[in-house]
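2 protein chains.
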Amino acid sequence: MDADLRTLKERLAEIFDLSRAMAVLSWDQKVTMPTGGHPARAESLATLGRIAHERFVDDEIGFLLERLRPLEESLEYDSDDASLIRVTRRDWEKQRRVPTELRAEMIRSAALGNQVWIEARASSDFASFLPALRRNLELKQRYVECFEWADSPYTPLLDDFEPYMQTSEVAEVFGTIRPALAELVREAPEVDASFLHQAFPPDGQAAFYGRLLETLGFDEGSYRLDPTVHPFCTSFSRRDVRMTTRFESGLDGLWSTLHESGHGLYAHGIAPELERTPLAGAPSLGLNESQSRTWENLVGRSRPFWLHWYEPLQATFREQLGDIDLDAFLAAVNRAEPGLIRVEADETTYSLHIILRFELEQRLVEGSLDPADLPEAWSAGMAELLGVDVPDDAHGVLQDIHWSQGGIGYFPTYALGNVISLQIWAAVQDAIPDLDAQMEAGELHELAGWLRDNLYSLGRKLTPKETIERLTGSPTIDPEPYLAYLRDKLAALPAGA
Amino acid sequence: MDADLRTLKERLAEIFDLSRAMAVLSWDQKVTMPTGGHPARAESLATLGRIAHERFVDDEIGFLLERLRPLEESLEYDSDDASLIRVTRRDWEKQRRVPTELRAEMIRSAALGNQVWIEARASSDFASFLPALRRNLELKQRYVECFEWADSPYTPLLDDFEPYMQTSEVAEVFGTIRPALAELVREAPEVDASFLHQAFPPDGQAAFYGRLLETLGFDEGSYRLDPTVHPFCTSFSRRDVRMTTRFESGLDGLWSTLHESGHGLYAHGIAPELERTPLAGAPSLGLNESQSRTWENLVGRSRPFWLHWYEPLQATFREQLGDIDLDAFLAAVNRAEPGLIRVEADETTYSLHIILRFELEQRLVEGSLDPADLPEAWSAGMAELLGVDVPDDAHGVLQDIHWSQGGIGYFPTYALGNVISLQIWAAVQDAIPDLDAQMEAGELHELAGWLRDNLYSLGRKLTPKETIERLTGSPTIDPEPYLAYLRDKLAALPAGA
Chain F
51 MDADLRTLKE RLAEIFDLSR AMAVLSWDQK VTMPTGGHPA RAESLATLGR IAHERFVDDE
111 IGFLLERLRP LEESLEYDSD DASLIRVTRR DWEKQRRVPT ELRAEMIRSA ALGNQVWIEA
171 RASSDFASFL PALRRNLELK QRYVECFEWA DSPYTPLLDD FEPYMQTSEV AEVFGTIRPA
231 LAELVREAPE VDASFLHQAF PPDGQAAFYG RLLETLGFDE GSYRLDPTVH PFCTSFSRRD
291 VRMTTRFESG LDGLWSTLHE SGHGLYAHGI APELERTPLA GAPSLGLNES QSRTWENLVG
351 RSRPFWLHWY EPLQATFREQ LGDIDLDAFL AAVNRAEPGL IRVEADETTY SLHIILRFEL
411 EQRLVEGSLD PADLPEAWSA GMAELLGVDV PDDAHGVLQD IHWSQGGIGY FPTYALGNVI
471 SLQIWAAVQD AIPDLDAQME AGELHELAGW LRDNLYSLGR KLTPKETIER LTGSPTIDPE
531 PYLAYLRDKL AALPAGA
Chain E
51 MDADLRTLKE RLAEIFDLSR AMAVLSWDQK VTMPTGGHPA RAESLATLGR IAHERFVDDE
111 IGFLLERLRP LEESLEYDSD DASLIRVTRR DWEKQRRVPT ELRAEMIRSA ALGNQVWIEA
171 RASSDFASFL PALRRNLELK QRYVECFEWA DSPYTPLLDD FEPYMQTSEV AEVFGTIRPA
231 LAELVREAPE VDASFLHQAF PPDGQAAFYG RLLETLGFDE GSYRLDPTVH PFCTSFSRRD
291 VRMTTRFESG LDGLWSTLHE SGHGLYAHGI APELERTPLA GAPSLGLNES QSRTWENLVG
351 RSRPFWLHWY EPLQATFREQ LGDIDLDAFL AAVNRAEPGL IRVEADETTY SLHIILRFEL
411 EQRLVEGSLD PADLPEAWSA GMAELLGVDV PDDAHGVLQD IHWSQGGIGY FPTYALGNVI
471 SLQIWAAVQD AIPDLDAQME AGELHELAGW LRDNLYSLGR KLTPKETIER LTGSPTIDPE
531 PYLAYLRDKL AALPAGA
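Line by line, the protein sequences give chains F and E. 51 is the number of the first residue of the first sequence in the numbering used here; add one for each residue after it. 51 is the number of the first residue of the second sequence in the numbering used here; add one for each residue after it.
Be careful, since some hints might not be right.
Which copy is meant is left open, so a pair is good if it fits within one copy or across any two.
Claimed, not checked - Using 25 angstroms as the maximum straight-line C-alpha spacing, the simulated DMTMM-like pairs for lysine to aspartate or glutamate come out as follows: (1) Lys80 with Asp276; (2) Lys80 with Asp253; (3) Lys59 with Glu155; (4) Lys59 with Glu104; (5) Lys515 with Asp141; (6) Lys515 with Asp253; (7) Lys80 with Asp175; (8) Lys515 with Asp201; (9) Lys80 with Asp528; (10) Lys59 with Glu143; (11) Lys59 with Asp377; (12) Lys80 with Glu169; (13) Lys515 with Asp108; (14) Lys59 with Asp128; (15) Lys515 with Glu409; (16) Lys59 with Asp276; (17) Lys515 with Glu123; (18) Lys144 with Glu325; (19) Lys144 with Asp210.
Keep in mind that the hints were calculated from the coordinates and are not lab data.
Whenever a hint applies, use it, and build me the whole structure from the sequences.
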């Protein structure tokens, strides 16, 4: 049995190495690759993906998992080895259903679609993106056919990002927050935030974000921050974490940096024992996103945090912020204000952007919305949910990278992350009663350490709901703390400031 | 037969994709990776190398090659398909002899050795590098045992970089140039080159090198230039070429940029039909190096080139070069002056640095020199060949990256490249009689185009000697044009300037 476990681990380590190599290729594609590199990169990614898939769905992995059942049952449920066998079995059973050629084609098509999208967005030309979108959607529909589902063909796609979650469960959570958020947005006071959208010198931003990063609990020499069009985070090991941000969009890059750092801290905090195994990740994107939102919002828009950091920020951007006092700054970064762009949205409107995408994605996958009709459906949804007019596709349906890369089913995890972040935050506040005082002193290590020890280090050993239950005492995804947090935040804004 | 050829090409394309993915991982390791990433990167590289090796040495590739013999014989010798079958057969027969685990271990050990070397060099501590060096050497000795050789156990290592070349042939060429170069160095006039070693602002260097690169014949969006400690060039496809340079060592980065651009133009010029095949490369490192030296030296230190570029250079670095006239600049960049560091060496002393390494490497591989005794042997060699005293290991045996990465047998290709560059240059001058006038006008496209069409585009279709013969009319590696070029160059220097 020991030999079987060793063999399983060796095989999984090799597959993990392939997946991390793919992550390096993708990071390079987005951060450094010359445009001429796209076709060859798509082939390389498809080849690595094909090999990784072939090796993982191999019969022998199934035999090993079967022979390891007695060992699994003899061990504690959340031990590293029992978890490895259990989680690998679910992954294997899911991946086995997918033909290798379909997997490779999805990867190739995603890599090629990305480049098409960059050009289409730059010229706000949805028509030029449509064939790539159709192709990705068609592949996803073939993918869905590999699975059974109870409530919606969207569920197998959702499951790739949010394992064990049903579309109907998401719809229920969103059914609660949709009207509540719409009401909050309608009633929110207007706040002047124009100063956030000035030009902030990139050098100053890079230096300031670098200083922030040093306080978040990363080991030295284990991460980097680079500029990209679309901020993201990836990691190649727990000691090689790559975050990206942007410098062109006012001061948005600051919260992008904190957001991606939340993802980065998750990757950095995974237990070393789980390295080079399928457990070296987050249980779901919702949980991963709960942490990016924690650092971006619960920390990064809080008064205690800025009581420490606002003076250094003002000193860095004297010209832009010299006349703005802390209260005006906090009001601006905590306001609710309908807008066109998801990644620039405030905390209150953000989930409404997601609900639109969730609804459109379901219709696309079910076949009740043709991709050609997306721009129109997008405009209608934006008018209904946020009361804004979409001027062009670059500010509408072309704004996000996800669909170009075949990431259908991904969006809802953002809003789930918002909701979950507040459930976990309550546990954090119980555990660290003087957290506000620590943040005022610029001290974030106890927070980072608690989250690492109680959440990040677990990796994928538990399911998303088991993980949430371990932290909060209940497996339920409960939107109430999230809504209460937003209500309190908006009530604290100066009326008509 | 067509189906066999198609199958062979598919398999080779997949292996090529793996090798390019490894190249991306290596580029990232040297250019962008945080130090914490090394252990995981070594595993990823070893896994990809193991898979690529396994897939290549597979029996089925051998069967395909055997079945394709009649097709090969029915085609022109230098047709794409005949060349593919012939070159792949030689590669396959060679790789088949190497156990996959040895190959993977060589890659892992190379990736780990690289990090050890960086730290050892920074603290000039040879002892801390010794275990990694011993390990790499021991693996190379096991590698040598996989092959038969006629003249020296060094030949199988040399063959990895310079196919078909015998150690004794290199020794013969070096036997001719060794005394000739030593004499040239002894008799060369002293020239003041101190102005080249001032600090040149990195921003100005980056901008100027960027302008130079735009004139060399690269398609837009097909390359990039990044700073590294140790300049190098790699490519992931002909339209994704990565060059690196450095900004810390006076104006050396200018010639590093031109040098790496020569490698880059080679990769960029390979015929599109050869992409994703084993033919997408240079026939040997000597030929590849002949082109880096062509652009660095034959172009980049020539009077016609600088008649165009010196004014813009002066304008960029007014403070550093404002008082230096063109003649003084040309004398400095063409001088012969013994020094400690290979990569900073002038054209005349450069090959003497190589001869030292070639002699030491042979003794290491043959076992007549223990790695522990290298620093001493290095100092003795530098005193004999160049008449200089080595103050410490950082300026001696630790200066080069190669041995840390297992690159034993690589060095002689640099000096062979110097020699070959002049043989090819004679052909270039015949073909483009007004080349000097073009360079004076800043016009390099005809030169780049001729080299692309007559050399780079061939890829690995011909052997190194066949390639040289096609360009020069003779397969012999002849050091005379190289020595004549240096004699003329040094004779033109102002005596006692």
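query: Which earlier hints turn out false for this structure, listed by number in ascending order?
result: Of the numbered hints, 6, 9, 11, 13 and 16 do not hold.
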